[in-house]
Amino acid sequence: MSKTVELARHLEKLHINNMYKNDFYWTWDKTDEELEAVFTVADALRDLRERNKSTRVFDSGLGISLFRDNSTRTRFSFASACNLLGLEEQVLDEKKSQIAHGETVRETANMVSFMADVVGIRDDMYIGEGHKYQKTFMDALEEGYRDGILEQRPTLVNLQCDVDHPTQCMADMLHIIHQFGGVENLKGKKVAMTWAYSPSYGKPLSVPQGVVGLFTRFGMDVVLAHPEGYEIMPEVEEIAKKNAAATGGSFRKTNSMADAFKDADVVYPKSWAPFASMEKRTKLYANGDQAGIDKLEKELLAQNAQHKDWTCSEELMKTTKDGKALYLHCLPADISGLSCPEGEVDNSVFDRYLVPLYKEASFKPYIIAAMIFLAQVKDPVKTLMAMDASDAHRKNF
Amino acid sequence: MSKTVELARHLEKLHINNMYKNDFYWTWDKTDEELEAVFTVADALRDLRERNKSTRVFDSGLGISLFRDNSTRTRFSFASACNLLGLEEQVLDEKKSQIAHGETVRETANMVSFMADVVGIRDDMYIGEGHKYQKTFMDALEEGYRDGILEQRPTLVNLQCDVDHPTQCMADMLHIIHQFGGVENLKGKKVAMTWAYSPSYGKPLSVPQGVVGLFTRFGMDVVLAHPEGYEIMPEVEEIAKKNAAATGGSFRKTNSMADAFKDADVVYPKSWAPFASMEKRTKLYANGDQAGIDKLEKELLAQNAQHKDWTCSEELMKTTKDGKALYLHCLPADISGLSCPEGEVDNSVFDRYLVPLYKEASFKPYIIAAMIFLAQVKDPVKTLMAMDASDAHRKNF
Amino acid sequence: MSKTVELARHLEKLHINNMYKNDFYWTWDKTDEELEAVFTVADALRDLRERNKSTRVFDSGLGISLFRDNSTRTRFSFASACNLLGLEEQVLDEKKSQIAHGETVRETANMVSFMADVVGIRDDMYIGEGHKYQKTFMDALEEGYRDGILEQRPTLVNLQCDVDHPTQCMADMLHIIHQFGGVENLKGKKVAMTWAYSPSYGKPLSVPQGVVGLFTRFGMDVVLAHPEGYEIMPEVEEIAKKNAAATGGSFRKTNSMADAFKDADVVYPKSWAPFASMEKRTKLYANGDQAGIDKLEKELLAQNAQHKDWTCSEELMKTTKDGKALYLHCLPADISGLSCPEGEVDNSVFDRYLVPLYKEASFKPYIIAAMIFLAQVKDPVKTLMAMDASDAHRKNF
Numbered sequence: 000m001s002k003t004v005e006l007a008r009h010l011e012k013l014h015i016n017n018m019y020k021n022d023f024y025w026t027w028d029k030t031d032e033e034l035e036a037v038f039t040v041a042d043a044l045r046d047l048r049e050r051n052k053s054t055r056v057f058d059s060g061l062g063i064s065l066f067r068d069n070s071t072r073t074r075f076s077f078a079s080a081c082n083l084l085g086l087e088e089q090v091l092d093e094k095k096s097q098i099a100h101g102e103t104v105r106e107t108a109n110m111v112s113f114m115a116d117v118v119g120i121r122d123d124m125y126i127g128e129g130h131k132y133q134k135t136f137m138d139a140l141e142e143g144y145r146d147g148i149l150e151q152r153p154t155l156v157n158l159q160c161d162v163d164h165p166t167q168c169m170a171d172m173l174h175i176i177h178q179f180g181g182v183e184n185l186k187g188k189k190v191a192m193t194w195a196y197s198p199s200y201g202k203p204l205s206v207p208q209g210v211v212g213l214f215t216r217f218g219m220d221v222v223l224a225h226p227e228g229y230e231i232m233p234e235v236e237e238i239a240k241k242n243a244a245a246t247g248g249s250f251r252k253t254n255s256m257a258d259a260f261k262d263a264d265v266v267y268p269k270s271w272a273p274f275a276s277m278e279k280r281t282k283l284y285a286n287g288d289q290a291g292i293d294k295l296e297k298e299l300l301a302q303n304a305q306h307k308d309w310t311c312s313e314e315l316m317k318t319t320k321d322g323k324a325l326y327l328h329c330l331p332a333d334i335s336g337l338s339c340p341e342g343e344v345d346n347s348v349f350d351r352y353l354v355p356l357y358k359e360a361s362f363k364p365y366i367i368a369a370m371i372f373l374a375q376v377k378d379p380v381k382t383l384m385a386m387d388a389s390d391a392h393r394k395n396f
Numbered sequence: 000m001s002k003t004v005e006l007a008r009h010l011e012k013l014h015i016n017n018m019y020k021n022d023f024y025w026t027w028d029k030t031d032e033e034l035e036a037v038f039t040v041a042d043a044l045r046d047l048r049e050r051n052k053s054t055r056v057f058d059s060g061l062g063i064s065l066f067r068d069n070s071t072r073t074r075f076s077f078a079s080a081c082n083l084l085g086l087e088e089q090v091l092d093e094k095k096s097q098i099a100h101g102e103t104v105r106e107t108a109n110m111v112s113f114m115a116d117v118v119g120i121r122d123d124m125y126i127g128e129g130h131k132y133q134k135t136f137m138d139a140l141e142e143g144y145r146d147g148i149l150e151q152r153p154t155l156v157n158l159q160c161d162v163d164h165p166t167q168c169m170a171d172m173l174h175i176i177h178q179f180g181g182v183e184n185l186k187g188k189k190v191a192m193t194w195a196y197s198p199s200y201g202k203p204l205s206v207p208q209g210v211v212g213l214f215t216r217f218g219m220d221v222v223l224a225h226p227e228g229y230e231i232m233p234e235v236e237e238i239a240k241k242n243a244a245a246t247g248g249s250f251r252k253t254n255s256m257a258d259a260f261k262d263a264d265v266v267y268p269k270s271w272a273p274f275a276s277m278e279k280r281t282k283l284y285a286n287g288d289q290a291g292i293d294k295l296e297k298e299l300l301a302q303n304a305q306h307k308d309w310t311c312s313e314e315l316m317k318t319t320k321d322g323k324a325l326y327l328h329c330l331p332a333d334i335s336g337l338s339c340p341e342g343e344v345d346n347s348v349f350d351r352y353l354v355p356l357y358k359e360a361s362f363k364p365y366i367i368a369a370m371i372f373l374a375q376v377k378d379p380v381k382t383l384m385a386m387d388a389s390d391a392h393r394k395n396f
Numbered sequence: 000m001s002k003t004v005e006l007a008r009h010l011e012k013l014h015i016n017n018m019y020k021n022d023f024y025w026t027w028d029k030t031d032e033e034l035e036a037v038f039t040v041a042d043a044l045r046d047l048r049e050r051n052k053s054t055r056v057f058d059s060g061l062g063i064s065l066f067r068d069n070s071t072r073t074r075f076s077f078a079s080a081c082n083l084l085g086l087e088e089q090v091l092d093e094k095k096s097q098i099a100h101g102e103t104v105r106e107t108a109n110m111v112s113f114m115a116d117v118v119g120i121r122d123d124m125y126i127g128e129g130h131k132y133q134k135t136f137m138d139a140l141e142e143g144y145r146d147g148i149l150e151q152r153p154t155l156v157n158l159q160c161d162v163d164h165p166t167q168c169m170a171d172m173l174h175i176i177h178q179f180g181g182v183e184n185l186k187g188k189k190v191a192m193t194w195a196y197s198p199s200y201g202k203p204l205s206v207p208q209g210v211v212g213l214f215t216r217f218g219m220d221v222v223l224a225h226p227e228g229y230e231i232m233p234e235v236e237e238i239a240k241k242n243a244a245a246t247g248g249s250f251r252k253t254n255s256m257a258d259a260f261k262d263a264d265v266v267y268p269k270s271w272a273p274f275a276s277m278e279k280r281t282k283l284y285a286n287g288d289q290a291g292i293d294k295l296e297k298e299l300l301a302q303n304a305q306h307k308d309w310t311c312s313e314e315l316m317k318t319t320k321d322g323k324a325l326y327l328h329c330l331p332a333d334i335s336g337l338s339c340p341e342g343e344v345d346n347s348v349f350d351r352y353l354v355p356l357y358k359e360a361s362f363k364p365y366i367i368a369a370m371i372f373l374a375q376v377k378d379p380v381k382t383l384m385a386m387d388a389s390d391a392h393r394k395n396f
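Protein chains in written order, with numbering that gives the first Met the number 0: chain A, 0 to 396; chain B, 0 to 396; chain C, 0 to 396.
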């Protein structure tokens, strides 16, 4: 029995009917079984591809991508996922950073989607806006489908919003699952999601938020560490607490990086901007107050500079479990002495984890493909089985 | 018998041999039966797609798109049409607004077309230039094919030139045909193609020209309304007159929007620039006279501002047939109180027609696909029949 | 027996095992039989396409293109080649002209390649940098594959570096082979690779270098002509000398265009920048010395202007073999009286060779496809035979 058949049989046991024709905004919208389904299908698609099986379930169709912030790795992950399933990526190139109005979004959404099966959106720049934009876009498509404008109902993959970064965090988690030899081994493992110093400013909060919102669902002991003033969204903290309570894990906050790293099994040191400042910035931007934005940027950089000691050093790494916690990063990292004088991580630490870091990233195309697959394919078990049994190959040689 | 088979049998009766390996510049180059063939194939392709039949007639091949003016909806329509038929879109990104020289066009045209089956060009900015450019491009390809440089003869879809906008107007017309329950119900219907105020300037004339050039072929009573000074190209007016005479419809001009709207079955209120001013602008541009262009722009905006009463108001809509003429627009519209303080149409009117407007737009990908299909496929009836009978699906699940 | 079968049988006799999973940097890395294999497969793929056979060996997969210098024809050639084989092109759009750092390249290379089978890179702007960049990129992928990050080992097609331009020169050579009726007719033919005046500055040296490095392998008498101060890389001259010695041809340099053209069978007059100046420019650029770069540009333009008599005139053409040497150019050319007042070639000469020039260019997509094919397909003979025998068509109508 192939790995894919095994995975398909496991998938059969999961309750995932709600995923069909549904969007993927936040991991906490989804049940545990739905998340498990994404991991399962991601592994199956990877197995099929490795065995040179065709996974091209679409003969034609578009995957629309809309990046309202720069992106290389997520863009290529989305393009790869679409291609793997037979969809052609088409980029909708709006002017960056524009906070668009409802009516325009509604029109554009329909106009580009007549033959679209999937939409991938990144909009992470403005707190309170990113998710709202994605919701407006997809509501327009839902309405367009209901009104007979669209012949099919495209589904969304959130490629990063102001709240969550599900394709990243799900890829991170699938990496952890593989590294620890199965989801059953994660219970009681300590994760340090910690802020780290960066010479740049304004990095999105969606990664730390996504991580505490997701990792707390696996019975892990999740510690969120940051200097005072670098709070994340309180709503997400609440979710993390509830998750932890439900799974027998824990979630706590600390203002000490050392505290978080102590005996940690997994560390995720990464810079982000303070939530309150990002809210202020969104308002300044909405008012077109450039002088205010410049002033805020200066303040934030000065604030950052007070916390240069928040860095993933060799010393700190030694304090983790057996001195060899799994180091995670969504990339690109600010590497001290390599990409900047002082940054998020020591060059020697980063370098030692290069191969696992790249492997971590390699799950993203499959996570995205699995999200598309589960939202589009009516009977995913049957389709996986059919691909496994088929003579159609990815490479015909 | 499926709808596609029915349509294919109808197609069999039409004389369309000249469409094979031929370009689509202007609707008035085409016979009535050729236009009917485009509508028929568009409906058939839509039916096939809705029934999950594969319409991928190309296994490989490129569709080159060249937008010398910004575009979202036409670009996605072209990309969708190519994808539907199995062609990969490749964008030729020339610097915008450049009036290119013959020799360069000839070289570029051949260089990008070695594996191209289709070329889609939008060039609508300069009166007297857009069509000329498309012609130069396609003459180069015809020559390239004849000289053995190209192994295949790519065909053109005019995605908007300075004279006509056939994919738009054919989509508009197919929408009307469906709304009125068949082409046989259009005789005697009154159409108001009228100018409307916009706070911007310099919108192309190709839509009003395309509309009067096309809609007069269906026995409709077409009224072209605009303030003095907003004349369209006289050659196109001549075509509209001849069409009307031949089909038992009528074509007349008026300087009153109220006159045009009175009892109209269809209204198409839309801003455009005066033909004479656009000719002047082309010359200023050719001479690199930026000061002259800026001065002209100011004059034209002032001229526009004298006609703010040319707007599709609720009051005017009440004067149409039963107060509910079909409202058309090529989108995006200038909506009073929504996208601008005063514009082409009242917000409440626009809003009421949102669903039909989006449906109107939904025909464009199929119109483009039908134009490509009829120019590329030697025996379109046989190929439609084969797709209808085939087990190949768009979605393999 | 079809032409393809004939070519496949010829391919069977060549020793090309080393091509599988290998990169194509420079023609002089490859054996004579390996180059012959590229020509053979290029002709076969063209024959298959002309006979409407499907050559889509990939069902999914990406071809990544990275152009660190502007490009239209090479870009479309690469896109066409990928499409012909079933790969979807994805453009990696780095900021132009950046001299990237090793670590960043390593990360980016892996991040975009999780589902990439092929990478095409153009980086020709900085002497000593272009090839280095490609090597760094591919070493990263080799390492990524070895470390289990990538499931497949993408292969490189050098789309132009600072040293060689193999897809161009191989297309040029395949054109010559077809024009002269076979590779066996090239022995003793005289080729004039000569510098020519251009009003612009800084054109890459990769074409003249690629030409003398490749054409000397066919027993031809290759003359490299340029004014003093326009030397190419000495390493490449050494290669040309060795090639000539090995094949019974010859390689010599001259500072007289007339000398080179005298009785030539093939002429390739083309502007390039002096090697030493390009080295200087790379250093200035690395130091961020914009004033120095501007000064150098002025000097180089002045130096160019001293050699306006280096042009491919009708008079010079008359001195070639029977007055009708085959004129080559990689396009676009600087044409006197057409694209510039004084340039590389007389308008009347260029015009007379238009059709052969475009045919020369038409080989590039097939050369690229052949390079991809031979690096990816384990048993190219078998796969060619299978495509020849298959019922799968490029156009299903």
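Think of the hints as simulated: they come from the structure by calculation, not from any bench. Worth double-checking, as some hints may not be accurate.
If chains are identical, the list can't say which one is meant, so a pair holds when it fits in one copy or spans any two.
Claimed, not checked - Below, simulated PhoX-like cross-link-like pairs (lysine-lysine); rule was C-alpha separation at most 25 Å, straight line:
no.: 1; residue 1: K12; residue 2: K323
no.: 2; residue 1: K252; residue 2: K134
no.: 3; residue 1: K202; residue 2: K320
no.: 4; residue 1: K381; residue 2: K394
no.: 5; residue 1: K202; residue 2: K381
no.: 6; residue 1: K323; residue 2: K381
no.: 7; residue 1: K307; residue 2: K294
no.: 8; residue 1: K307; residue 2: K282
no.: 9; residue 1: K20; residue 2: K394
no.: 10; residue 1: K358; residue 2: K20
Checked hints:
Proximity of K12 and K323 under a CA criterion of 25 Å is satisfied in neither setting, with 36 Å inside one chain copy and 54 Å between copies. For a Cα distance limit of 25 Å, the shortest separation of K252 from K134 qualifies neither inside one copy, at 30 Å, nor across copies, at 46 Å. Neither within a single protomer nor between protomers do K202 and K320 lie at most 25 Å apart by alpha-carbon distance, with minima of 29 Å and 57 Å respectively. Within a single copy, K381 and K394 get their C-alpha atoms as close as 23 Å, and across copies as close as 14 Å, so both meet the 25 Å cut-off.
Taking identical chains as interchangeable, the C-alpha atoms of K202 and K381 are never at most 25 Å apart, the minima being 42 Å within one chain and 53 Å between chains. Proximity of K323 to K381 under the C-alpha cut-off of 25 Å is found in neither arrangement, the shortest distances being 42 Å within a copy and 50 Å between copies. For the identical chains of this complex, K307 and K294 are intra-copy neighbours only, at 21 Å inside a copy versus 42 Å across copies, given an alpha-carbon limit of 25 Å. When the C-alpha separation of K307 and K282 is checked against a cutoff of 25 Å, the pair qualifies neither within a copy, at 28 Å, nor between copies, at 34 Å.
With identical chains, the CA atoms of K20 and K394 are at most 25 Å apart between copies only, with a shortest distance of 14 Å across copies and 30 Å within one. Taking the shortest Cα distances, K358 and K20 sit within 25 Å of each other only across copies (22 Å), while inside one copy they are farther apart (30 Å).
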